[in-house]
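Enquirer: Generate the whole structure from the sequences, applying the supplied hints.
As they're listed, the protein sequences go chains A and B. Residue 1 is where the first sequence starts when you use the numbering used here, and the numbers rise one by one after that. Residue 1 is where the second sequence starts when you use the numbering used here, and the numbers rise one by one after that.
Note that these hints are calculated values from the structure, not bench results. Any given hint might turn out to be false.
As the list claims (entries may be wrong) - If you only want the chain B side, here are some residues facing chain A, beta carbon under 8 Å, derived:
1. L83
2. F88
3. E225
4. G269
5. F272
6. L276
7. I480
8. S482
Small disclaimer: the values here were computed from a predicted structure and weren't measured. Beta carbons are placed, not taken as given, at the ideal position from N, Cα and C, and that holds for glycine.
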Amino acid sequence: MPVQERVWILSAALLTAADIILPYMVFEKSGAWTFWTVLTAIVLAGGIFYTMSWKDPVTEAKGRKHR
Amino acid sequence: MSSVFLLSGIFLWFAAGTFLSWTARKELGKGMTEYFLANRSVGGVLSALTYSATTYSAFMMVGLVGLTYKTGVASLGFELTYLIGTVFLLALFAPRYWSAGKRFNLLTPAEMLSFRYESPAVGIAAAVLCIVMLIPYAAVQLMGTGYLLETLSGGGISFRTATIIAASMSFIFSWWAGLRSVALTDALQSGIMLTASVLLAAFAGFALLPGGPLGFSQTNPALLEVSWPLPMFVGLTLPWFFFAVTNPQVVQRLYSPRSIGSIRKMILGFSFFGFLYTLLCVYLGFAAAGLVPGLEVADNAMAALLSLVPKPLALIVTLSIIAAAVSTMNSIILTLSSMFGRDILKAAIPTLDENREMLLSKAFIPVITVVCLIFAQYRFNLIAVLSSMASGGLLMQLPAVIGAFFWKRSSASGAFWSIATGGVLTGSLYVAGAKPLGQWPPVWGLLLSATVFLIVSLLTSPPAQAGSFLSSINDDLAGILSKKGNSKG
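Expert: Encoded structure:
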């Protein structure tokens, strides 16, 4: 698995854990709206950054016969 | 709102959608890939719009608004957790599905499983699970439209008439030109959905709420507290977090973009659509709590809110809710019909030629539309149970999907039994209303499904060509992530 993907999966695990745990431990009485909104904005920005270098691969012959 | 006024608006909108379908039909070629995937030639913006309209159903403007009205900010967490899960998963899985689709000429999500595991039985299990779980979910879209029009017209438009109107639209938009038609009409529907929610939120915030746009935070501070118990949050969020790789109507969309650049635009476009639409719908829930407090049935919050706004705006919002329902339903119908043809009929009769496969798949479109319509007429509570069961049940494909792309050792028996046992356990727990140790059915179902997948895969042999499949996908992925590939997009 490419390094970019490993970093992406690790980030996903950490941010998802934060997304569930922090509102119940820190923001239960106030601040949850802002927390969830900012966290989502960060993930969306991460998505832009992560996919920025995507290019179309040079594909080989299509179809199942090559297997 | 008078029935004539409502029906006139629906007629105009339906005419616009039909015109788009007719336009799409002129582009329609022959074959299954052309009909169900638009010949893998959909551009990025259209992909983003159809993905958004397919994903976001009538639940957003009715169910989510009601949920926020009743339970507050946790609804925002629930819906945004779905969104971030989708962004994470699409970045990982979309290039893989797209590459596998092109390389191996795959048509449906279940076909990817049967191809990768070299077992038609795996594809059949996945297809049957999807059909069983999604028919009630599609029927709920009709029910939502039925209740909405019946309520807003004061009974002038009956529940039955409203559901027939919505089912007819779904049928025409999907039947006429397959995905070409669905994608174009979805673009129209997603435009209406976003425009209507922006207009209604602006009107509620600036013209109706006494303390201004954020006035609700002073009148209802309790709604800003996280009120859901943690098991409820996890139980509801878990199936939705993995929606992007377990719901066939959205997974199939990963096969149709014309290039990796289009896939990227689809992911980013959907992300921003989803973020904005979610914030607006949740805001409307808060606004309704401030403007029409004390409703016994929270799902009526949107209808109550619409009674306070000018009729033209109420009509646009109503059309947007019907648009959300129809765009979700026609995508489900189209995907299930392709799965019926490819994953069930073709698997059972390998000699079936493409023309007959196409004919029988298309014949399934009216059948499934009528089945959903009949389901909707019953209006019985079991449908609500089956609807919430849908996302939980479909989650049971997750171990098999992850294994297909990431674990060479995963086997056909492991995939088949993980789908079968997880699906049966989740369905049984939902029907029985059981939550062992306080945890919701998808938690137990996924635990069983993953365990069965791991153990059975380790005890049985992986498919002979598993390594070849994975190396092909990984080669493409290396090209996608490398900075040396083609730049056409």
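Enquirer: It remains to establish, for every hint, whether it holds in the given structure.
Expert: Here is how each hint holds up against the structure:
Proximity of L83/B to chain A holds as hinted, the smallest CB-CB distance being about 6 Å (cut-off 8 Å). Here the hint on F88/B is kept, as its CB sits about 4 Å from the closest CB of chain A, short of 8 Å. Here the hint on E225/B is kept, as its CB sits about 6 Å from the closest CB of chain A, short of 8 Å. Among the interface hints, the one on G269/B is violated; its C-beta lies about 11 Å from the nearest C-beta in chain A, farther than the 8 Å criterion.
For F272/B, the shortest C-beta to C-beta distance to chain A is roughly 7 Å, which falls under 8 Å, so the interface hint holds. This hint is violated: L276/B has a C-beta 11 Å from the nearest C-beta of chain A, more than the 8 Å allowed. For I480/B, the suggested interface contact is upheld, since its CB lies about 5 Å from the closest CB of chain A, less than 8 Å. Hint status for S482/B: holds, given a least beta-carbon distance of 7 Å to chain A, under 8 Å.
Hints 4, 6, counting from the list given before, are not met by this structure.
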